[in-house]
Amino acid sequence: MTKSKVKKGAPKRAVARRLPKTANEWVVWFRRKGGHILMSALRYALILCIGFIILMPILKMASQTFMSPEEVGTPVSTWVPSVFSMEHITVAFTMMNYPAALAYTLATTAGQVILQILSAAVTGYSFARIRSKGLQKLFAFVILTIVVPPSVLMLPQYLFFRNFDIFGIIKLITGDSLRLLGNPLTLYLMDLCGVGLKGGLYIFIFRQFFRGLPRELEEAAHMDGCGFLKTLFMIIMPNAVPGIITVGVLSFVWNWNDTYYANLFVQNKLNLMVKLKSVSGDMENNLWAIKSKVPGDYYFQTANPLYQGAVLTAASLLVIIPLIVMYMFIQKRFVESASNAGIVG
Amino acid sequence: MQTTKKKAKKPSSFYRRQDRWGLLMMTPWLIGILIFFLKPLVEICIYSLNDINIENGLQMSWVGIQNFNYVLRVHSTFYQDLIKTFTQALPNTVLIIFFSLFAAVLLNGKFKFRGAARVLFFLPIVMATDLISIELTGVSMGETGSNAASETVTGAMMLANFLVEGMGLPMQMISMIGNVIGNVFETIKLSGVQILIFLAGLQSVSPSMYEVAKMEGATAYETFWKVTLPTVSPLVLTNVIYTLTDNLMRTKLIDTIQDTAFAASQYGNSAAMSVSFLFLTLVVIGIVVILLRKVVFYND
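So the protein sequences, as listed, match chains S and Z.
Residues 24 to 368 in the numbering used here are what the first sequence spells out, letter by letter.
Residues 3 to 302 in the numbering used here are what the second sequence spells out, letter by letter.
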């Protein structure tokens, strides 16, 4: 400020407007602008605080993962490690059989996401456009699937998949019922029918979204001789990108993080979350199992709970890193589409 | 058809065809609902009234309400856990709704770094896993003794203690305040989707409404209560249902139910647990919806 004052060429008025001189002017200026400045200061302060709370666990995990094993649990460093070490993450990497598990989990999750988007979009669209009152009442079942905790139906579903059969047809052909347990097909089947993990919610989101699209769109398509399917896939779906992104991200995240369905129906040890859960139950033996694969100069104290904890943290970090990477790529589109067109009830 | 009568001008064949196709496209879902939802729903109710053995095929023997008797009266923890699930979920829901509405209002205006702030606030959606909380409270953090969360809580509790004692307020206040503060981390973690829903609602408030309010000389405070809040009030209902179900699904009752069935092989008891949990869930959500329906304001 003082610099611009000293400058001779600078017009006086502009300086005066920017910064009031006398106390009286200050008061006037503050009355006009003070509230606004206070409010935005408060806003930034709150956002920073909440943001810190959100980020803290991840930062803490990262800090602990890359800390050298001797340092964990000592007051030498709480946030920034004094010596960086890759030991925890390397051990976790080996213990989880990471590349194979990652590939498997990515593939199954991607399949589930695609099926869920497809089924939810088609069902949601039908609900948004169907005019018959009786069929509209079926929407109550969508709400019911959202409200009923899936774990309540665990037992019958488990038994159903244990002896899978469609009205006895398969038994007639092969002589025995299919054992679908331990096969990701169970999840695909449920996703395809729109009753997979949180399937009701996705139908709900798509229905709300499609209701917001003008009917004239389809009427015009009809006039131009488009059939129902062609209208749906050539005209409606390209317009539903925000809905697809919202549901896609949610579905990916929830399927990725799901241990319930994966544990109950698939039980595949390659699934990252299932693996993490089983590993966390018995760290010591899991660490022992990979002893031969670990370089000799490693700290590797299998019985030390602090060491176990740090390796577990590293393993959890490995599990959520793909989610963070995915979010980084899609965050802009996701925030835009979700907050502008996503879920308006 | 009723609907085509109303709009007699338009080609009725188009709507009739849409209806027919709509029903056709819905069939996979209808089948899914029947096989994977309604059938298990009925089955679990039947199971809960029977003694189940699945050694070779499914064998049932009718025992009436004996399973419920055992689960609710004899079982050592189930009843308490059931009640606790609901007495925790309801206050949590209230907290999450208030926080997420507040956060959505915070994120709604125009300010620098708004995009970054939104990305940050939606991060908990992506991190929607119990992993992190295990990490923070479990072995690793607990033993390093640098548990920031618990430090904050103890500090705040001491302050609350001081304030309440100083002002002569009832001691129950302390535990209430403690609950709220202790839940801050949990609340923020579980609020992602709700913030998203509220933010979407806030963005759909038409600017002309605000213009009118401004012309009529309403303050920002009045505008919020008279314009913003009524417009997003239907979303409060959506959000409450979502939050409540989300909270209920996180209960450790699920582990109990799963263990009773698959570890202890008491399938009938497990089914009775499921049915009691389901029944209470539906009743509570029903009551909440009925109560909220009266408050919600619909524009159309």
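Keep in mind the hints are simulated off the structure, nothing from the lab.
As the structure is a computational prediction, the values presented were derived from the model and not from experiment.
Keep in mind that a hint or two might mislead.
[Said to hold, decoys possible] Derived DSSO-like pairs (lysine-lysine); straight-line CA-CA distance at most 30 Å:
hint, chain 1, residue 1, chain 2, residue 2
1, Z, Lys-228, Z, Lys-216
2, Z, Lys-114, S, Lys-56
3, Z, Lys-216, S, Lys-56
4, Z, Lys-41, S, Lys-160
Here is what the structure says about each hint:
| no. | hint | verdict |
| --- | --- | --- |
| 1 | Z/Lys-228 - Z/Lys-216 | 12 Å, holds |
| 2 | Z/Lys-114 - S/Lys-56 | 17 Å, holds |
| 3 | Z/Lys-216 - S/Lys-56 | 18 Å, holds |
| 4 | Z/Lys-41 - S/Lys-160 | 19 Å, holds |
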